[in-house]
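Q: Quick note on the working numbering: the sequence shown kicks off at 1 and runs consecutively.
If you're looking for bench data, these hints aren't it; they were derived computationally from the structure.
Idealized CB from N, CA, C, for every residue including glycine.
Fair warning: there could be bad hints in the mix.
Have a look at the derived ranges for each label pair, beta carbon to beta carbon [unchecked claim]:
| # | residue 1 | residue 2 | range |
| --- | --- | --- | --- |
| 1 | 18 | 79 | 17 to 25 Å |
| 2 | 64 | 108 | 15 to 23 Å |
| 3 | 65 | 109 | 17 to 25 Å |
| 4 | 7 | 34 | 18 to 26 Å |
| 5 | 91 | 134 | 24 to 32 Å |
| 6 | 17 | 112 | 30 to 38 Å |
| 7 | 18 | 123 | 25 to 33 Å |
| 8 | 123 | 58 | 18 to 26 Å |
| 9 | 57 | 16 | 17 to 25 Å |
| 10 | 120 | 63 | 24 to 32 Å |
| 11 | 54 | 6 | 33 to 41 Å |
| 12 | 17 | 129 | 29 to 37 Å |
| 13 | 123 | 59 | 28 to 36 Å |
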Amino acid sequence: MSAPPARRTALTLVTGGPAAQREAAIAARLAQAGAQAGAADPLRGLVAVVLEGLPSGQTLLSPSDSLHVHRIAPGCLCCTGNLVLRVTLNRILRLRPERLFIGLAATDHLDQLRSWLQDPPYDQLLELTADLRT
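Starting from the given sequences, assemble the full structure and let the hints guide the process.
A: Below you can see the structure in the form of structure tokens.
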């Protein structure tokens, strides 16, 4: 008998608007998911967020045991920021989060980024969901 396939982490790419809008969109999505789960059954599992760029000064996502927030320097995550994103992503995936959000400052190479997130090894670890646009 073979082992069941490993659960893949749901990944949402968050695009558009300034950093504060992307962070607010993620916070709203998490609040919505928590409300849908109900008070008796709160949103379970680790949620990780990778935000490209510097914070706006308003922190809407506060790190906790169930919410890990990572910030990486602004730049094309497909090109110049690729190595930093891969290292950050690999560290996050070792923790087996339930959900992962990646907030992108620019969408110039969004299709290329999405493509390598669907290539090995990430194809076995991530399940891309619909993008969240602000």
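Q: Broken hints, numbered, in rising order?
A: Checked against the structure, the hints that fail are numbers 2, 3, 6, 8 and 12, while the rest are satisfied.
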